[in-house]
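What follows is each chain in one-letter form.
2 protein chains.
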Amino acid sequence: MSFLPEALTALQSDLSKLPGIGPRSAERLALHLVQSDAGSVRRLAELMVAAREKVRTCAVCGSLTEASPCGLCTHPNRDGSLVCVVERPVDILWLEKAGNFRGKYHVLGGRISPINGVGPEDLRIEELERRLGVEPIRELVLALATDVEGDATSHYLARRMAAHGVKVTRIAHGLPAGAGLEFADELTLSRALDGRREMS
Amino acid sequence: MSFLPEALTALQSDLSKLPGIGPRSAERLALHLVQSDAGSVRRLAELMVAAREKVRTCAVCGSLTEASPCGLCTHPNRDGSLVCVVERPVDILWLEKAGNFRGKYHVLGGRISPINGVGPEDLRIEELERRLGVEPIRELVLALATDVEGDATSHYLARRMAAHGVKVTRIAHGLPAGAGLEFADELTLSRALDGRREMS
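Chains as they are written, first to last, in the numbering used here: chain B, 1 to 200; chain W, 1 to 200.
Think of the hints as simulated: they come from the structure by calculation, not from any bench. Fair warning: there could be bad hints in the mix.
Because identical chains share one entry, a pair is satisfied inside a single copy or across any pair of copies.
Said to hold, decoys possible - Here are the simulated lysine-lysine pairs, DSS-like style, with alpha carbons at most 25 angstroms apart: (1) Lys54 with Lys17; (2) Lys17 with Lys97; (3) Lys54 with Lys97; (4) Lys167 with Lys54; (5) Lys167 with Lys17.
Note that this is a predicted model, so its numbers are computed, not measured.
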């Protein structure tokens with residue numbers, strides 16, 4: 001005989017499939033939920049379903065939005081000549097939090113990864129080329145990951161986009177803010193040295 | 001203008017109220033959910049509501065159950081003369097996982113805590129006394145926390161239950177399994193010494 005009610009173990013099992021939620025956290029969450037106020041549980045369940053139903057992908061930039069094209073694509077004060085290329089919708093969030101980018105975005109939907117069977121045709125690269133044809137884009141800022149696949153994808157994009165006569169830049173790599181040299185790995189340090197700039 | 005869709009931030013805000021889920025995890029979960037398969041999101045939402053509706057408290061022992069009295073209280077092979085007293089329903093889970101307790105349980109619903117305004121009358125102590133009158137209970141095993149409030153509650157219960165002629169014991173305190181002395185705090189070590197037993 002299992003001690004826990006079946007409804008509880010079923011919930012726990014589904015919760016443990018969420019990212020960052022292990023079996024122990026799932027158990028804790030499930031126990032919390034069955035002991036919470038019934039109204040707040042129903043509310044959370046409704047918010048989940050509503051969010052999943054309402055939130056979709058912007059047909060232009062690929063970000064998460066309730067209306068397509070999204071608020072970033074249609075915003076009058078964003079610089080349409082500058083487009084930052086990211087891997088995933090969530091990357092836009094981090095960049096927006098940084099707060100100093102005033103251009104628009106383009107979500108690739110991943111990066112080229114032969115080992116996972118992801119080629120250029122699986123990414124939103126043609127959509128980007130289409131945008132180059134209709135929008136006044138002058139510069140693409142690549143903000144992909146700094147690992148091998150991210151680097152490969154950046155170089156592939158730089159070559160392919162150069163054919164369209166657009167300037168392609170990549171965000172700087174170097175020491176993270178607030179960190180001493182002892183916390184940086186060798187590759188980060190070597191890139192920080194390569195990317196050194198004259199102090200004015 | 002906020003970048004994230006409203007449905008997403010509403011979900012994130014509610015998720016961050018769950019125990020152990022900080023704002024960052026909530027954001028990650030919300031983003032995961034809106035990008036998941038719609039069916040699995042609906043399923044999770046339904047499981048949450050169903051668990052909350054089905055799971056209730058056993059009228060006898062106070063554990064979480066779908067049927068009251070619960071499977072533990074009605075189980076034919078559990079020793080009804082031995083009742084383990086715990087603070088919360090989830091504590092039963094840990095003890096059942098340990099697997100060597102064959103008696104029944106009683107959930108207090110907390111511990112005496114004057115600073116939080118919790119007195120003996122707020123706990124399920126009268127329910128326990130009622131059980132002593134109708135069930136063949138010979139021994140109460142107290143398995144409360146080992147902090148100041150848990151200790152005080154254990155001592156209060158021991159005194160009050162002794163008046164009913166029942167034997168009151170408390171689970172042993174000492175070194176956790178697999179830990180060296182260097183990982184135990186002073187109180188744990190002092191209790192481990194006090195609780196020493198002759199080796200046979």
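Inset, instruction - Can you give me the call for Lys54 and Lys17, within, between, both or neither, at a CA distance of at most 25 angstroms? - result: both (22 angstroms within a copy, 22 angstroms between copies)
Legend entry - Copy assignment of Lys17 with Lys97, given that the CA separation must stay at most 25 angstroms: Only across copies: Lys17 and Lys97 sit 22 angstroms apart there, 28 angstroms inside one copy, limit 25 angstroms.
Legend entry - Intra/inter-copy verdict for Lys54 and Lys97 if alpha-carbon distance must be at most 25 angstroms: Close inside one copy (23 angstroms), not across copies (42 angstroms); limit 25 angstroms.
Legend entry - Homomeric proximity label, Lys167 with Lys17: Cα distance no greater than 25 angstroms: neither (42 angstroms within a copy, 45 angstroms between copies)
Inset, instruction - Up to 25 angstroms between alpha-carbons, please classify Lys167 paired with Lys54: within, between, both or neither. - result: Neither, since 36 angstroms and 60 angstroms both go past 25 angstroms.
Taken one by one, the earlier hints fail for this structure at numbers 4 and 5, listed in ascending order.
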